[in-house]
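Q: Residue strings, one per chain:
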Amino acid sequence: MRRIRVREDVCSGCLSCVAACSTMKMGYSSSSSACLHIDLSLLAKNRVRICRQCSDAPCAKACPEHAIIQLSKDSIWIIDYDKCDGCRKCIAVCPFDAIFWDSLQEKVIKCDLCGDTSPACVDACPTEALSIIDFLPRDGKKGRET
Amino acid sequence: MKSICGWVGSILCVDLTSGHIQETETSLYTHQFMGGRGIAAKIMWDLTSLDPSVKPLIFMTGPLAGTVAPFGGRTIVTGYGPQGYPHEWYARSTFGGHWGPELKYAGYDGVVIVGKSSSPVYLWIRDKNVEIRDASSLWGLGICGTQESLQKLLGFQTRILTIGQAGENEAPIAVIQTETESAAGQGGFGAVMGAKKLKAIAVQGTGAVQVADPLLLQHRSKLIRDEIRLAGVFVGGKLNSSKVEKYGERWYACTQQCGIRCVASRHYSNVPGPVTGQSRSGHAHCTAPGFAGRGKGSFYDWDLGFEAGFDLACMANDFGINHWELHFGIIPWLRHCQQTGTQTHLDGLEINVSDARFWAALLRKIAYREGVGDVLARGAYRAAKELGWENDFVDQLYAGWGYAGHWDGHGDRINRIVFPFWLVPGLQWAVDTRDPISSSHRYSHMTMLWSPIRSTVNVGTETGAGAKKRKNLSWSQLREASERIYGTSQALDPYSEYNGKATAAIWHANRSALKDSLFVCDWIFPCAFSFNQPDLWARAGSMEGIDFERFLFVATTGLDVGREEFQRTGERICNLERALQIRDFSRCRADDEKIIPYLERREWWPNPLFGNEHIGADPSKFRALLDEFYRLRGWSIETGRPNRHILEQLGLPRVIEALEQKQLI
Numbered sequence: 001m002r003r004i005r006v007r008e009d010v011c012s013g014c015l016s017c018v019a020a021c022s023t024m025k026m027g028y029s030s031s032s033s034a035c036l037h038i039d040l041s042l043l044a045k046n047r048v049r050i051c052r053q054c055s056d057a058p059c060a061k062a063c064p065e066h067a068i069i070q071l072s073k074d075s076i077w078i079i080d081y082d083k084c085d086g087c088r089k090c091i092a093v094c095p096f097d098a099i100f101w102d103s104l105q106e107k108v109i110k111c112d113l114c115g116d117t118s119p120a121c122v123d124a125c126p127t128e129a130l131s132i133i134d135f136l137p138r139d140g141k142k143g144r145e146t
Numbered sequence: 001m002k003s004i005c006g007w008v009g010s011i012l013c014v015d016l017t018s019g020h021i022q023e024t025e026t027s028l029y030t031h032q033f034m035g036g037r038g039i040a041a042k043i044m045w046d047l048t049s050l051d052p053s054v055k056p057l058i059f060m061t062g063p064l065a066g067t068v069a070p071f072g073g074r075t076i077v078t079g080y081g082p083q084g085y086p087h088e089w090y091a092r093s094t095f096g097g098h099w100g101p102e103l104k105y106a107g108y109d110g111v112v113i114v115g116k117s118s119s120p121v122y123l124w125i126r127d128k129n130v131e132i133r134d135a136s137s138l139w140g141l142g143i144c145g146t147q148e149s150l151q152k153l154l155g156f157q158t159r160i161l162t163i164g165q166a167g168e169n170e171a172p173i174a175v176i177q178t179e180t181e182s183a184a185g186q187g188g189f190g191a192v193m194g195a196k197k198l199k200a201i202a203v204q205g206t207g208a209v210q211v212a213d214p215l216l217l218q219h220r221s222k223l224i225r226d227e228i229r230l231a232g233v234f235v236g237g238k239l240n241s242s243k244v245e246k247y248g249e250r251w252y253a254c255t256q257q258c259g260i261r262c263v264a265s266r267h268y269s270n271v272p273g274p275v276t277g278q279s280r281s282g283h284a285h286c287t288a289p290g291f292a293g294r295g296k297g298s299f300y301d302w303d304l305g306f307e308a309g310f311d312l313a314c315m316a317n318d319f320g321i322n323h324w325e326l327h328f329g330i331i332p333w334l335r336h337c338q339q340t341g342t343q344t345h346l347d348g349l350e351i352n353v354s355d356a357r358f359w360a361a362l363l364r365k366i367a368y369r370e371g372v373g374d375v376l377a378r379g380a381y382r383a384a385k386e387l388g389w390e391n392d393f394v395d396q397l398y399a400g401w402g403y404a405g406h407w408d409g410h411g412d413r414i415n416r417i418v419f420p421f422w423l424v425p426g427l428q429w430a431v432d433t434r435d436p437i438s439s440s441h442r443y444s445h446m447t448m449l450w451s452p453i454r455s456t457v458n459v460g461t462e463t464g465a466g467a468k469k470r471k472n473l474s475w476s477q478l479r480e481a482s483e484r485i486y487g488t489s490q491a492l493d494p495y496s497e498y499n500g501k502a503t504a505a506i507w508h509a510n511r512s513a514l515k516d517s518l519f520v521c522d523w524i525f526p527c528a529f530s531f532n533q534p535d536l537w538a539r540a541g542s543m544e545g546i547d548f549e550r551f552l553f554v555a556t557t558g559l560d561v562g563r564e565e566f567q568r569t570g571e572r573i574c575n576l577e578r579a580l581q582i583r584d585f586s587r588c589r590a591d592d593e594k595i596i597p598y599l600e601r602r603e604w605w606p607n608p609l610f611g612n613e614h615i616g617a618d619p620s621k622f623r624a625l626l627d628e629f630y631r632l633r634g635w636s637i638e639t640g641r642p643n644r645h646i647l648e649q650l651g652l653p654r655v656i657e658a659l660e661q662k663q664l665i
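Chains as they are written, first to last, in our numbering: chain H, 1 to 146; chain G, 1 to 665.
Bound-form chain H, shown alone (with noise of 0.2 Å):
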C-alpha cells in the first residue's frame, strides 16, 4: 500500500503542498479545496493534515453509506461519491483530522495519493517534509514501512 510519509521536523510551512493539491484536483488554487493542511505554528512544528491510510481506518468505519472504500485489498481508502451524502461523519473520528469539507465544492475530500500519477503535494515539496513510501500493514492495525 503506498502512503504520504509526513517529517513534520522539516516542514518549512511553505504551503506549496497545498497550492499544489488544489491545483492539481481542482484547477485552482484554494486552501478550501486542498486534501491536506497545514496548521502552521508560531510556536512550535507546523502540523502537516494529510490521510494516513489508516489499516483500520476509522473514517469508513463511521461512514453509514459505506462511502470510503478500498477497490482492493490493501488499496488506498478512497470516496464514493456516489454514496457518500455529505454527513460529514468521517470528518469528526479521523485521528489525524485529515479529511475536509470543501465549502468551495461542497463535498467531503481527503487524499487519494492522485491515483496512480505522482502526488503533487510531494512533487511541489521543497524539504522532503511529504514524501511517498509503500507500507505494509501488519496484525491489522499499526504498519511498517518498506
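Check each hint, because a few of them may be wrong.
Stated by the list, open to error - Calculated cross-link-like contacts (lysine-lysine; reagent style DSS-like; alpha-carbon spacing at most 30 Å):
1) G/LYS246 x G/LYS296
2) H/LYS89 x H/LYS25
3) G/LYS296 x H/LYS25
4) G/LYS152 x H/LYS45
5) H/LYS89 x H/LYS107
6) H/LYS45 x G/LYS246
7) G/LYS116 x G/LYS296
8) G/LYS471 x G/LYS238
9) G/LYS197 x G/LYS152
10) H/LYS107 x G/LYS385
11) H/LYS89 x G/LYS152
12) G/LYS197 x G/LYS365
13) G/LYS128 x H/LYS25
14) G/LYS222 x G/LYS196
15) G/LYS471 x G/LYS196
16) H/LYS45 x H/LYS83
17) G/LYS55 x G/LYS365
18) G/LYS196 x G/LYS238
19) G/LYS238 x H/LYS45
20) H/LYS61 x H/LYS73
21) H/LYS73 x H/LYS83
22) G/LYS222 x G/LYS116
23) G/LYS471 x G/LYS55
24) G/LYS385 x G/LYS594
25) H/LYS61 x H/LYS83
26) H/LYS45 x G/LYS222
27) H/LYS73 x H/LYS107
28) H/LYS45 x H/LYS73
29) G/LYS55 x G/LYS197
30) H/LYS107 x G/LYS222
31) G/LYS128 x H/LYS107
32) G/LYS243 x G/LYS55
33) G/LYS243 x H/LYS45
Said to hold, decoys possible - Distance windows between CB atoms, simulated:
34) G/SER137 x H/ALA92: 29 to 39 Å
35) H/ASP80 x G/SER137: 42 to 52 Å
36) G/GLY19 x H/LEU43: 53 to 63 Å
Worth flagging that the hints you see were computed from the coordinates, not collected in a lab. Ideal placement from N, C-alpha and C gives every residue a C-beta, glycine not left out.
For chain H, the structure is supplied; the task is to place chain G on it using the hints.
A: Structure of chain G alone, referenced to chain H:
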C-alpha cells in the same frame, strides 16, 4: 467584478477617517502594470493626482500569489515613506508570510488605506466581509502579542500584518510584520500605519485563485523549482545538530510558496533569553543572526552568543524595529563612537555593543522614543545630523536617501562587491528614493558569487546539493553570459570600467519592478546561472533561467507576454515611479548626483582586480555614465526627467499631461 486568471478581480479601498469601504476593479490596471509594484504606483499616481494631500498606504499582491508558482507569495506595501531623506517621498517595501495569498483567497488583490482613524483600530477581512474594529486593547502590545491575541480571537488560520510599539510611536524606522516575522522593513511604513492608528490587518479567506492553465503551471513550477533547488545558491545544507537538539532548529519559509530550504531563514523554539529572561520561539531571517555579532575579523566583531543575539532579534521584532537600519546604520555608528571615544554615553548609558544589556536598553528607547531614542528612531543618518555626531563616518555608511549602504562596495561591510561592479547598484541608488537592492540583488550577487571573485552569500555559505560541485565561471564565460543577458559583454567584464554598466542597471531595474509586481523572490530571480547545468546556464526544460518568472506568469494568467513586452512593462513601472518623484518633489539630475561623493570615496574592500587597491568612483566618469543611463532610458541628459517620446511609447498620456502642466517635461 471581473475574475481574471491570476488576479481575483477586486482591490479593497478603506477610508479610515469616514469608515467608508469600497472596491475597485483590478482589471483596470493589469494590462499595463501587471500587479504588485506596478499597480500600486498607478493607484498612487491616480489618487494623489486627484488630491495631493491624501497619503494612501497601499498593499498589493501579484498574480502569482496564492498559486502553486514557486517563490511567488510575497506582497508589496507602498506609500510616502517617512524614512526617506531629504523628502518623505514615494517608496516601497516588500514582505513575505502568508498574508498576501490569504488576501487573495479572501477575494482581494490589494488593499488601499486612506485617511486616519481617531482611535486605534484594526481591519478584519473575511471573505469580502470587511470590518473596521476597535483595537484599544491591542494598542501598546508588541507584534508577537498582537499576533497571538488576534489569532486567539479570530482563529489560528488568520493571517495578520501588524505593527509594534515602534510603529505606534511613529518611528520612521518602524516595520510592518507578518506572522512569519517577515517584515516590510525599509521605508518606515510601520510609522504610517501608526499615524493612521491602524494596528493590524487580519485576513482569512476560503476562496480560490483561478489559473489559466493548471497543468502547464504545475509542470513549469516543478521544473523551475527543481532547477533552482539544484542550482545550489541560497539552498541550505545541514542544520546545526546542536541547535536542532537544543532548540529544534528547522528551515522556515519566510513566505508562502518558497521552493527551497533557504539559508537565510530558520525557526527556533524555546531558546532561553539571557537578556529579557523570556523563553523565545521564532524565526531568524537575513540580518537577525547578526545581533549576536559575526566574530573576530569581521566588522561586526562582537560576540554576544547565539541565545543573547536571538533574544535581541526577537525583542527588535516584537517592538517592530527595522533590523537592517539597526545592523547597517545605527550599530556601526555607535560602535565607531565607542571605538574612537567621540561619544561614550547615550542618556547616561555607556555605549558598549559587546554588552547585550546596552542593546536591550537601546531598543526600548527607540521603540518608545525615550530620550535620545526619539532621535535614533528616525534612523542614524538623521540622528547624526541632529546630534552633530561624527557626520563624516555616517556619510560613509549611508549611500543616500536616509538608507544605509547595501551591495554598493562602500557602506555595506558584509556583502563584498568591488569596482567596477558596484557601478551598477551605484546607478540604481542614484535614481531611487530608497535602498534599491531589496529587489535588485541579482546583478551584485550573480557577479560576485559566480565570478572568480566568489564572494559568499552574506548570510552563510551555500551548501546545497549543487554547491558540492562549487565552481565559478571564468571572466570570458561571464562576458559571454553578459552578451546573452544584456546584449553587451562589458556589463560583466572586470576591466571594462564604466562601459556597459548603464545597460545592466536598466535591465535589472526593470526586472526588479517586474519581480515586485508578479511577485517572485528577489534572491532567486532572474535566475541566470545554475550549478546544476554543465555550462552553468540555468534552464528548465525549454525555458531559459532568465525567463522563468515570465513563463510562470504566462501559465498563470494565460496572457502570452513575450520577452520584450515583459521588459517593457518593467520599464513602464520604473518611469511611472520616476514621474511620481518629479511631480511631487521636482526630482532631477542634481538630486541623482548627490550619490557621487559617497561613491567617490575609496571602496571598502581591497580590490583583487586592481592589485588589492581600493578604488573610488571618478566623478566625471560617473557623470558620463549617468548621461548614458539617461540616454538609454529616454530621459533628458540635462534634467534626468523622462522625455515626452518615451512616455508616449510607454502609454502614459496622463503622466505627460501632468508633468507638462507643471513644466517638468
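Q: Run every hint past the structure and note whether it holds.
A: Here is how each hint holds up against the structure:
{"no.": "1", "hint": "G/LYS246 x G/LYS296", "result": "holds, 25 Å"}
{"no.": "2", "hint": "H/LYS89 x H/LYS25", "result": "holds, 23 Å"}
{"no.": "3", "hint": "G/LYS296 x H/LYS25", "result": "violated, 54 Å"}
{"no.": "4", "hint": "G/LYS152 x H/LYS45", "result": "holds, 18 Å"}
{"no.": "5", "hint": "H/LYS89 x H/LYS107", "result": "holds, 12 Å"}
{"no.": "6", "hint": "H/LYS45 x G/LYS246", "result": "holds, 14 Å"}
{"no.": "7", "hint": "G/LYS116 x G/LYS296", "result": "violated, 48 Å"}
{"no.": "8", "hint": "G/LYS471 x G/LYS238", "result": "holds, 20 Å"}
{"no.": "9", "hint": "G/LYS197 x G/LYS152", "result": "holds, 22 Å"}
{"no.": "10", "hint": "H/LYS107 x G/LYS385", "result": "violated, 64 Å"}
{"no.": "11", "hint": "H/LYS89 x G/LYS152", "result": "holds, 27 Å"}
{"no.": "12", "hint": "G/LYS197 x G/LYS365", "result": "holds, 21 Å"}
{"no.": "13", "hint": "G/LYS128 x H/LYS25", "result": "holds, 25 Å"}
{"no.": "14", "hint": "G/LYS222 x G/LYS196", "result": "violated, 42 Å"}
{"no.": "15", "hint": "G/LYS471 x G/LYS196", "result": "violated, 51 Å"}
{"no.": "16", "hint": "H/LYS45 x H/LYS83", "result": "violated, 37 Å"}
{"no.": "17", "hint": "G/LYS55 x G/LYS365", "result": "holds, 28 Å"}
{"no.": "18", "hint": "G/LYS196 x G/LYS238", "result": "violated, 44 Å"}
{"no.": "19", "hint": "G/LYS238 x H/LYS45", "result": "holds, 18 Å"}
{"no.": "20", "hint": "H/LYS61 x H/LYS73", "result": "holds, 16 Å"}
{"no.": "21", "hint": "H/LYS73 x H/LYS83", "result": "holds, 20 Å"}
{"no.": "22", "hint": "G/LYS222 x G/LYS116", "result": "violated, 44 Å"}
{"no.": "23", "hint": "G/LYS471 x G/LYS55", "result": "violated, 49 Å"}
{"no.": "24", "hint": "G/LYS385 x G/LYS594", "result": "holds, 17 Å"}
{"no.": "25", "hint": "H/LYS61 x H/LYS83", "result": "holds, 14 Å"}
{"no.": "26", "hint": "H/LYS45 x G/LYS222", "result": "holds, 26 Å"}
{"no.": "27", "hint": "H/LYS73 x H/LYS107", "result": "holds, 26 Å"}
{"no.": "28", "hint": "H/LYS45 x H/LYS73", "result": "violated, 34 Å"}
{"no.": "29", "hint": "G/LYS55 x G/LYS197", "result": "holds, 14 Å"}
{"no.": "30", "hint": "H/LYS107 x G/LYS222", "result": "holds, 29 Å"}
{"no.": "31", "hint": "G/LYS128 x H/LYS107", "result": "holds, 22 Å"}
{"no.": "32", "hint": "G/LYS243 x G/LYS55", "result": "violated, 45 Å"}
{"no.": "33", "hint": "G/LYS243 x H/LYS45", "result": "holds, 15 Å"}
{"no.": "34", "hint": "G/SER137 x H/ALA92: 29 to 39 Å", "result": "holds, 34 Å"}
{"no.": "35", "hint": "H/ASP80 x G/SER137: 42 to 52 Å", "result": "holds, 49 Å"}
{"no.": "36", "hint": "G/GLY19 x H/LEU43: 53 to 63 Å", "result": "violated, 35 Å"}
Going down the numbered hints, you'll see the structure goes against 3, 7, 10, 14, 15, 16, 18, 22, 23, 28, 32, 36, while the others check out.
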